[in-house]
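Chains as they are written, first to last, in the numbering used here: chain A, 1 to 398; chain B, 1 to 398; chain C, 1 to 148; chain D, 1 to 148.
It is worth saying that the hints were derived from the structure and are not from the lab. Treat the hints loosely; a few may be bogus.
Under 7 Å between C-beta atoms, here's a sample of chain A residues computed to sit facing chain C [stated by the list, open to error]:
(1) Asp130
(2) Leu135
(3) Thr143
(4) Ala146
(5) Gly149
(6) Arg153
(7) Ala157
(8) Arg159
(9) Gly160
(10) Ala164
(11) Leu206
(12) Ser261
(13) Met262
(14) Val266
Predicted model only: the values in this text are computed from it and were never measured. For each residue, glycine too, the CB sits at the ideal point set by N, CA and C.
Here are the chains, one letter per residue:
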Amino acid sequence: MSRPDSVAVLGVGMHPWGNQGKSFVEYGLVAARAALADAGVTWRDVQLVVGGETIRNGYPGFVAASALSQALGWQGAPVASCYAACATGAQALSTARAHILAGLADVVLVVGADTTPKGFFAPVGGDRPDDPDWLRFRLLGATNPAYFGLYARRRMALRGSTEADFAAVKVKNARAGSLNPYARFRAEVDAETVLNSPMVSDPLRLLQICATSDGAAAVVLASEEYARRRNRDAVRIRAVSAITPEYPRTVPDFPYLASDSMAAGVPGTRTFRESLAWSAYEACGLGPEDLDLAEVYDLTTAMELDWYEEIGLCEPGEAEKLLHDGVTALGGRVPVNPSGGLSSFGEAIPAQAIAQVCELTWQLRGDAGAHQVQGARAGVAVNQGLFGHGAAVVVARA
Amino acid sequence: MSRPDSVAVLGVGMHPWGNQGKSFVEYGLVAARAALADAGVTWRDVQLVVGGETIRNGYPGFVAASALSQALGWQGAPVASCYAACATGAQALSTARAHILAGLADVVLVVGADTTPKGFFAPVGGDRPDDPDWLRFRLLGATNPAYFGLYARRRMALRGSTEADFAAVKVKNARAGSLNPYARFRAEVDAETVLNSPMVSDPLRLLQICATSDGAAAVVLASEEYARRRNRDAVRIRAVSAITPEYPRTVPDFPYLASDSMAAGVPGTRTFRESLAWSAYEACGLGPEDLDLAEVYDLTTAMELDWYEEIGLCEPGEAEKLLHDGVTALGGRVPVNPSGGLSSFGEAIPAQAIAQVCELTWQLRGDAGAHQVQGARAGVAVNQGLFGHGAAVVVARA
Amino acid sequence: MTDGIPAAPGTDTWFREGPDGFVLLAGRCTACGALSFPPRPIPGCPNPDCDALEQSVHPLSTTGSLWSYTDARYVPPPPYPRPPDTEFSPYALAAVELAAEQMIVLGQVAPDVAVSDLTVGMPMDLVPGVLVSSAGVEERVWNWRPSA
Amino acid sequence: MTDGIPAAPGTDTWFREGPDGFVLLAGRCTACGALSFPPRPIPGCPNPDCDALEQSVHPLSTTGSLWSYTDARYVPPPPYPRPPDTEFSPYALAAVELAAEQMIVLGQVAPDVAVSDLTVGMPMDLVPGVLVSSAGVEERVWNWRPSA
Ligand SMILES: [Zn+2]
Ligand SMILES: [Zn+2]
Chain A
1 MSRPDSVAVL GVGMHPWGNQ GKSFVEYGLV AARAALADAG VTWRDVQLVV
51 GGETIRNGYP GFVAASALSQ ALGWQGAPVA SCYAACATGA QALSTARAHI
101 LAGLADVVLV VGADTTPKGF FAPVGGDRPD DPDWLRFRLL GATNPAYFGL
151 YARRRMALRG STEADFAAVK VKNARAGSLN PYARFRAEVD AETVLNSPMV
201 SDPLRLLQIC ATSDGAAAVV LASEEYARRR NRDAVRIRAV SAITPEYPRT
251 VPDFPYLASD SMAAGVPGTR TFRESLAWSA YEACGLGPED LDLAEVYDLT
301 TAMELDWYEE IGLCEPGEAE KLLHDGVTAL GGRVPVNPSG GLSSFGEAIP
351 AQAIAQVCEL TWQLRGDAGA HQVQGARAGV AVNQGLFGHG AAVVVARA
Chain B
1 MSRPDSVAVL GVGMHPWGNQ GKSFVEYGLV AARAALADAG VTWRDVQLVV
51 GGETIRNGYP GFVAASALSQ ALGWQGAPVA SCYAACATGA QALSTARAHI
101 LAGLADVVLV VGADTTPKGF FAPVGGDRPD DPDWLRFRLL GATNPAYFGL
151 YARRRMALRG STEADFAAVK VKNARAGSLN PYARFRAEVD AETVLNSPMV
201 SDPLRLLQIC ATSDGAAAVV LASEEYARRR NRDAVRIRAV SAITPEYPRT
251 VPDFPYLASD SMAAGVPGTR TFRESLAWSA YEACGLGPED LDLAEVYDLT
301 TAMELDWYEE IGLCEPGEAE KLLHDGVTAL GGRVPVNPSG GLSSFGEAIP
351 AQAIAQVCEL TWQLRGDAGA HQVQGARAGV AVNQGLFGHG AAVVVARA
Chain C
1 MTDGIPAAPG TDTWFREGPD GFVLLAGRCT ACGALSFPPR PIPGCPNPDC
51 DALEQSVHPL STTGSLWSYT DARYVPPPPY PRPPDTEFSP YALAAVELAA
101 EQMIVLGQVA PDVAVSDLTV GMPMDLVPGV LVSSAGVEER VWNWRPSA
Chain D
1 MTDGIPAAPG TDTWFREGPD GFVLLAGRCT ACGALSFPPR PIPGCPNPDC
51 DALEQSVHPL STTGSLWSYT DARYVPPPPY PRPPDTEFSP YALAAVELAA
101 EQMIVLGQVA PDVAVSDLTV GMPMDLVPGV LVSSAGVEER VWNWRPSA
């Protein structure tokens with residue numbers, strides 16, 4: 001099953017999520033050391049370090065790969081620090097994979113780590129009237145949850161979804177998260193608690209929206225040949241799709257204040273988020289019917305339902321049925337967010353998409369413990385961030 | 001001369017340097033459109049956009065590749081935004097090259113653009129006692145020129161260099177810059193003017209230190225095969241080295257407050273900056289004797305002399321002789337900074353290393369106009385930034 | 001503005017109030033007609049197949065249908081203005097689809113309209129709105145409001 | 001500190017003033033002996049071949065030779081403190097090589113020493129120094145000074 005565009009997941013590691021008062025470098029080091037140990041390689045074996053940047057931690061955050069390399073001890077390996085909003089971790093994996101496929105490195109360490117203040121994300125300081133992220137806050141007070149509220153209300157209007165449907169997603173993910181030692185929130189939650197939590201941005205209540213969090217995740221990727229030699233080639237990244245939208249965008253994605261006009265252009269048949277997963281499927285020849293599990297960016301419970309349809313687990317409008325039938329719960333046919341998802345982790349921006357791949361790897365190796373998906377052979381991880389970012393990663397057993 | 005690790009420079013473009021009150025996106029668009037036109041491709045032909053990030057321009061600066069893609073019109077191509085301090089542009093070229101060599105893209109647009117406030121660079125806001133960049137300012141007031149002053153004074157003590165030697169570098173580079181329409185400073189300067197300019201950080205006066213600037217540069221890279229098909233394969237990137245230091249670092253690199261102790265480790269035979277160029281030479285089988293020109297990061301005039309020795313144009317201690325013999329001037333055997341260098345451009349962080357490759361490309365194609373190096377066939381560009389970043393790029397005719 | 005309230009920061013070219021009422025102003029590519037709202041601050045066209053750099057001013061439809069809505073129950077972080085000596089009041093946000101332009105434009109909903117007054121699909125009108133800066137100064141913005 | 005001046009922000013673990021005088025404190029890997037200055041705020045060792053996480057406190061030599069020097073003729077930007085009601089005075093910076101540790105440590109030079117008093121290679125001593133914060137509060141730092 002070796003393919004020219006596959007790379008092997010040699011090892012994975014995480015630092016438990018949640019604010020523990022440490023620096024992002026310390027969180028990242030713990031994850032990196034765990035991934036190196038899991039991979040059975042030493043720091044000296046690493047030929048490239050790719051770091052997901054964090055934009056709220058001073059200069060070391062902008063040069064995350066350098067900060068981590070110095071902390072592990074300078075050993076000469078090239079570094080690449082990258083940023084792609086919520087898709088940062090997938091971007092980092094994509095850069096690592098490109099170097100391996102190019103033959104420029106056999107062993108690459110990919111790390112994402114963050115510390116996050118409580119409350120709403122806010123734009124960086126200064127008066128920035130040419131920055132859409134500044135404008136949306138300054139003129140509309142349109143926080144991330146406000147955009148999520150627009151999408152959730154739209155889904156309710158279009159699909160007839162209810163607040164109770166959304167709450168059922170939270171109940172499902174909290175149950176999975178309660179079984180995951182890396183999750184920040186490990187208590188089960190019932191629907192009533194969700195529906196009684198404070199309204200943040202109608203129709204989304206506090207427990208329908210993912211929190212922000214500290215956290216870190218790391219992956220060691222290797223060339224097929226290197227991994228085979230080390231007998232560590234069980235799990236492969238089969239595709240990474242990190243495309244951008246196609247003009248005209250039919251939805252007002254955040255942080256923008258309007259969609260594109262369709263008067264002068266015909267939109268594609270797929271939305272941007274649909275195209276993320278489908279372009280990954282096409283690249284590797286797998287499809288939604290081949291998936292045993294999925295990790296999707298549940299920035300809100302409503303958005304998890306959107307993803308079911310967008311990644312092809314069901315037809316448009318059938319996500320609620322899939323959910324209520326238990327198909328996407330642990331023990332179902334295709335569990336979604338068996339890790340507990342963002343719902344249980346909170347979001348640590350550059351770490352989250354890497355954590356999704358850690359989860360898929362543990363699942364595909366049968367190492368996921370209490371939240372194991374039995375016999376899993378293939379999974380997809382998807383995410384979306386502001387400014388046109390998003391990615392899908394297909395991971396499969398060899 | 002096709003080699004498995006070569007990529008072709010399909011086109012290059014720049015926006016003239018200097019503060020013109022525009023946004024970094026607008027500067028970048030001008031450079032990108034010029035590079036696409038020079039390459040003979042359309043925006044739709046681009047399969048990946050790599051953007052050098054700017055950290056002083058709000059969220060669009062962190063997602064530079066996305067901001068530029070949106071401005072050119074979303075067309076679906078993946079984006080990769082990266083940051084590596086002063087080596088950002090080279091990092092962007094390195095990421096682009098990896099994707100091409102991996103077969104993931106045939107045509108990649110690489111853009112770096114920046115706007116920069118006047119005066120010393122300062123750290124990002126907030127109290128950050130775990131950020132070396134904050135600490136050096138907070139505790140020592142150690143600006144970039146202060147570190148450069150340490151290195152310059154060290155050179156004077158070790159090599160017997162004088163202020164007048166340093167001034168002769170400025171005179172040389174100002175002459176070259178006066179012939180370059182993209183340069184910000186286009187007036188010739190005499191040694192007396194340099195030596196009478198205000199002292200900033202002893203022994204460095206204002207005209208011995210590069211200014212900060214607005215600016216933008218773009219390069220279109222392509223696979224060998226694509227370039228041959230288009231008959232645009234004259235100039236190739238033969239090597240990119242973007243390694244990090246090896247422990248122990250023997251010099252107190254900025255922004256750190258100390259070098260590493262050599263009591264517990266033996267330093268390598270090459271300094272970090274030497275290893276940048278030499279690892280690139282080794283990767284492509286070319287050496288300093290093959291170079292017809294070089295673009296080096298003359299953050300100061302003294303540093304340009306250090307580079308002569310570090311990239312192998314002469315033995316240690318012979319840089320001043322090389323300079324005074326006219327070897328590194330336009331018309332000399334191996335002109336250094338025929339573009340005018342940072343001395344004439346000022347520094348626009350994510351753009352500068354890309355601009356170096358633009359200059360090498362124009363020179364190797366014979367398109368450099370008044371500052372043409374006759375018959376140039378190979379050149380190197382080197383840079384170094386804080387936090388252990390640095391890179392060397394070898395560019396050669398096919 | 002006729003009533004002398006200055007445009008909110010960054011919005012100088014975004015709307016106008018004239019004899020024909022209050023309108024949002026898009027940028028319109030002079031070659032392909034592609035619209036941009038807000039108007040692009042830099043030359044060029046959002047259409048990837050169009051190389052044109054020029055834009056003209058294009059007034060947008062002032063009525064549309066409600067594509068979706070939400071509200072802000074907690075005070076947004078800065079730079080959202082926090083006027084002195086005032087309590088934060090929740091306000092609604094609307095995404096309104098303009099039929100002619102086939103384009104969705106976000107905006108705050110007029111302050112006397114609650115989220116419970118809104119329904120997806122209902123007709124909405126553009127009206128002038130006011131934001132009060134953290135310094136207590138009134139600033140002109142645009143609001144959406146259910147059609148009378 | 002014996003004279004009650006608190007350590008400058010971030011430097012709580014960087015030096016001590018005791019019966020044996022004022023010394024800078026490096027972190028020392030308990031496994032391989034590698035030194036870090038400033039002491040690492042996070043577990044680990046700067047030596048890439050060492051996996052150890054523990055560090056002990058290691059006082060650095062208080063004399064060395066001047067590796068290089070420079071000065072600041074213009075006021076550095078914030079966060080460099082700008083005490084109220086004071087004129088900026090240029091000050092020198094030194095990079096001092098410690099023989100035993102084979103390590104170069106930067107620091108401000110004592111304020112009464114001008115850059116013209118310095119020569120590469122001259123012996124230098126560590127002395128306590130004072131920085132005045134933008135709020136006018138004295139903060140303890142370390143200084144270098146030519147040996148008497
Ligand atoms: Zn157009
Ligand atoms: Zn050690």
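Cross-check of the supplied hints:
1. Asp130: This interface hint holds because 5 Å falls under the 7 Å limit.
2. Leu135: holds (6 Å)
3. Thr143: holds (5 Å)
4. Ala146: holds (5 Å)
5. Gly149: holds (3 Å)
6. Arg153: Since chain C brings a Cβ to about 5 Å from Arg153 of chain A, closer than 7 Å, the hint holds.
7. Ala157: holds (4 Å)
8. Arg159: violated (11 Å)
9. Gly160: violated (12 Å)
10. Ala164: Ala164 of chain A check fails; min Cβ-Cβ to chain C is 18 Å, beyond 7 Å.
11. Leu206: violated (10 Å)
12. Ser261: holds (4 Å)
13. Met262: OK, holds: Met262 of chain A within 7 Å of chain C, min 4 Å.
14. Val266: Hint on Val266 of chain A: violated, closest Cβ of chain C at ~10 Å, above 7 Å.
The structure is inconsistent with the numbered hints 8, 9, 10, 11, 14, although it conforms to all the rest.
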